[in-house]
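Enquirer: Here's the letter readout for the chains.
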Amino acid sequence: MVDIKAFSIRKITAFGLTYLPFADAATEAVPLSRLLRLSLFQVTVGMALVLMIGTLNRVMIVELGVPAALVGGMLALPLVFAPFRALIGFKSDNFKSALGLRRLPFIFKGTILQFGGFAIMPFALLVLSGFGKAAQAPHWIGQVAAALSFLLVGAGIHTVQTVGLALATDLVEEKDQPKVVGLMYVSLLAGMIVSALAYGALLEHYTPLRLIQVIQGSAVTTVVLNFYAMWKQEARNRVRGNAKRGPDEKFGQAWAKLSERPGIIRLLAVIALGTAGFGMADVLMEPFGGQVLAMTVAQTTRLTIYLAFGNLLGFALASRVLSRGALPLNVAIYGAMIGVPALAFFVVSAHLLSVLVLTLATLAAGFGSGLFGHGTLTATMRSAPREQIGLSLGAWGAVQATAAGVGFAMGGVMRDIVLSRMAVGGSPAEAYTPVFLLEVGLLVLALLLALPMFGRKVAAPEEPKTAQDGFAESNAS
Amino acid sequence: MSTNDPNKVWPTGLTLSEAEEVHSYLIDGTRVFGVIALIAHILVAVSTPWLG
Chain E
1204 MVDIKAFSIR
1214 KITAFGLTYL
1224 PFADAATEAV
1234 PLSRLLRLSL
1244 FQVTVGMALV
1254 LMIGTLNRVM
1264 IVELGVPAAL
1274 VGGMLALPLV
1284 FAPFRALIGF
1294 KSDNFKSALG
1304 LRRLPFIFKG
1314 TILQFGGFAI
1324 MPFALLVLSG
1334 FGKAAQAPHW
1344 IGQVAAALSF
1354 LLVGAGIHTV
1364 QTVGLALATD
1374 LVEEKDQPKV
1384 VGLMYVSLLA
1394 GMIVSALAYG
1404 ALLEHYTPLR
1414 LIQVIQGSAV
1424 TTVVLNFYAM
1434 WKQEARNRVR
1444 GNAKRGPDEK
1454 FGQAWAKLSE
1464 RPGIIRLLAV
1474 IALGTAGFGM
1484 ADVLMEPFGG
1494 QVLAMTVAQT
1504 TRLTIYLAFG
1514 NLLGFALASR
1524 VLSRGALPLN
1534 VAIYGAMIGV
1544 PALAFFVVSA
1554 HLLSVLVLTL
1564 ATLAAGFGSG
1574 LFGHGTLTAT
1584 MRSAPREQIG
1594 LSLGAWGAVQ
1604 ATAAGVGFAM
1614 GGVMRDIVLS
1624 RMAVGGSPAE
1634 AYTPVFLLEV
1644 GLLVLALLLA
1654 LPMFGRKVAA
1664 PEEPKTAQDG
1674 FAESNAS
Chain H
632 MSTNDPNKVW
642 PTGLTLSEAE
652 EVHSYLIDGT
662 RVFGVIALIA
672 HILVAVSTPW
682 LG
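Chains as they are written, first to last, in this note's numbering: chain E, 1204 to 1680; chain H, 632 to 683.
Pulled out of the complex, with its shape left as it was, chain H reads as follows (with noise of 0.2 Å):
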């Protein structure tokens, strides 16, 4: 493996479309993540309201 391949991403040795799709995952679940979060914050402000 040379260290000086164009298409691999320093350092970690993954291609450049390799390197995207692991942070494509990386994404996703944070997107999610953040949609369950808001719905959960909503379902807990319409049983008990901590706001006003």
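Pulled out of the complex, with its shape left as it was, chain E reads as follows (with noise of 0.2 Å):
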């Protein structure tokens, strides 16, 4: 019987570290296939980004007549958990597990409120718009099931996007960072890009039954991807997990001690300043290139593709530099320099009616985003001790979230406003011109808040700190 007992212990045991979600104890260097595999939620982010902003956007007003004002306050109903990032990745640095885990049971959450928001957004929709016996019904159930579907996909991406860059940041040392970081961005443009293509061509055709194909494909295609990215990802800590703890540090004393560190709030203003200038330019350029340059839809939409692959471009740049050494915020710094003359030069293409030259500009501020985007992100990384990482990241998240958001939204009312002035009679170019100049001075604000940290390290770390502490803590257990 004894025998019987050990070789079943053995078997298990062998089936358990097959088949378990715990990586093996941690390794010295983790593989670059382990990090692409993680980089995996990026693209379920990305993809849910594309599908609210872009794709239900149009559907929920085209296909489904819904009125474009409660399509855009549904839309921006995720923002509104956008700043309870900082919350959520304090909660993962601090989070009480027996078995010594602080990041995957977050994303394994916020992957489920992922896929809720989506397994009910088809149906709310549908209800919404008065489909079938559903125009009988009163009209808050829609809005109430819509309002839900929407905050759960939010509540899901800010989690996910939170705690598993704290995850990446948890696995590598400070040298290959700016790698993680650079994977990560990529995954993301690609899942969005990828993901951008597959709706147009899955929703082409319209019906009820598509919408719901559609949707409730999103939602089994992030729980795979999402599950497949987290798999073997964070060791067990029995170290972690057995610790006495005293009493719970509360948010405001963390927050407190993270904000202490010299640079981080400027770090963090600079963030939102840049991200909301960029980010504007994103929703104003195929407009403005539709209607002052009169560029046909093919031709804008190719705008937004040179838009990608200026980020990709500054995407690979900063990682080469960065991991040979150079300062993020430095790179964050040039990528606004570069940001600034290009956003100009949007203004200048209206007047020379150079569609080249626009081109050229979309290119350079793509190139200036990606640039600024990675550096930003970086020097977020490192300026945060290892046991705040989550913290921190979560204040970029909620920072930058919601200055995209935020940018995202005024692009649009001064698309609008844009639109009447116009109306009512102008050219389009004067009309652009002050909105082009409102990103310009965004940027040349974030500069000039940054310019002073140039050349040094954001909050740098009184004692070097590498992911060494890290594992020497999991393989004593």
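Treat the hints loosely; a few may be bogus.
If we take Cβ atoms under 10 Å as the criterion, some of the chain H residues that face chain E in the derived model are [claimed, not checked]:
#1 I658
#2 A668
#3 H672
#4 L674
#5 V677
#6 T679
None of these hints come from the bench; they were simulated from the model. Glycine included, each C-beta is placed from N, C-alpha and C at the ideal position.
The task is to assemble the complex, starting from two chains supplied on their own in separate frames and drawing on the hints.
Expert: Printed below as a string of structure tokens:
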């Protein structure tokens, strides 16, 4: 009997090691393939963003006939959760777990929320649009359900992205962080491009059934990709799991500790201004090309591709120079420096009526925004001590997502103002000029805030801390 | 690893609190899935009633 028991324990333990979602004892260097796999969570985030901001924005207004104001309100709902990223990151830093996990439980819960939101979203939208017998039902059912589904997806995205980035930071040493940041940005971009093309093709001939299939397909894809991404990424940690904890650290205390580090608040302000400036340009680029330079839809769509290509170049260059020891904030400053003239050339192209100038300006704006995004995220990663990575990346995400959302919304509002001014009579170039000057102004402000920190490390840790600490900890278990 | 460690839950090799934690994720997931399924059914019933 004892033999059978010993035999089965051995078998089941071996089975468990293969089929449990925990990493093996942490290795010295995490191979690139594993990081690539982890970066898949960014693909699902990109997919969700494209589905909500791009595809559903259109489908709800055009095919479902929902009032545009209601659609705008629904799509803004996920933004409500953006500031909570800091709290989510803080919670994951201090998560109490017998298994010693900090990140996996949050990615799991975030994925479930994202899945749940997508699972009810198509029906909520159909009820909202009064499909079938839903027209006789009270209006609030559709509105509440749609709002709930967008909130769930938003909360899921914020959780998965914040904690996923924190996990990626945990896994690598400081010198490899630029590589990871580049990988994460490229995955996000790739996810957005691929899913935009896929949604466009799948929803070309819209039917309610097709809408249900597409959104629920996204839900399943999200779960599959996220589970594959987080599988065996975080090691169990007995030391952390069994650690006797004193009284809980409050969020306010942790935040005070982080914001005391020199330069953090300034860095966050730079991120907010720069992201809003670059983000507004993204929204306005296509209508600008169409109205001012009389470009066709195919041509303006190509502008988006040039922007993405510029982004990619920026990420690639930033990864390269940063892993060779450049300071991340310097790279971000160069990015903003490229962005200022690039956005200014948008205005110039309106006066020259030159598509070539606009194309080059778009490429340069993408390049600058790539450098800026990469540099600021890497700077954020390096600015926090290891035990506050979640909080600092949460703060980064809160600022970045809010600024991007506000920039996006403001860009939309400005586009409408421009349109109404054009209806009264006035040249489109004149209507767009102040808008682009505002964007340039935001970037200049970001530069002014960032320049005093040029050549300095943000909140350089007193003693060099590397991933080795974490590895030593988990090896001891 | 002793096979008769009283703190370990046979046969997984997890301690009791670790096993309970794994179980809590399962419970959480099931609850959320249950609520989501309920909401989805209500919404479908509102637009295309299949009862009555």
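Enquirer: Should the hint that V677 of chain H touches chain E count as held when the rule is a Cβ pair under 10 Å?
Expert: holds, 5 Å
Enquirer: Is the interface hint satisfied for L674 of chain H? The criterion is a beta-carbon contact with chain E at less than 10 Å.
Expert: Because about 4 Å separates L674 of chain H from the closest Cβ in chain E, which is inside the 10 Å limit, the hint holds.
Enquirer: A closest beta-carbon separation below 10 Å is what the hint needs, so does T679 of chain H meet it against chain E?
Expert: At 5 Å from the nearest chain E Cβ, T679 of chain H passes the 10 Å test, so the hint holds.
Enquirer: Was the hint right that A668 of chain H lines chain E, CB cutoff 10 Å?
Expert: Interface hint status for A668 of chain H: holds (8 Å vs cutoff 10 Å).
Enquirer: Does the closest beta carbon of chain E sit nearer than 10 Å to the beta carbon of I658 of chain H?
Expert: With Cβ-Cβ at 12 Å, over 10 Å, it is violated.
Enquirer: Using 10 Å as the Cβ threshold, decide whether H672 of chain H counts as touching chain E.
Expert: holds, 9 Å
Violation of the numbered hints given earlier is confined to hint 1; every other hint is satisfied by the structure.
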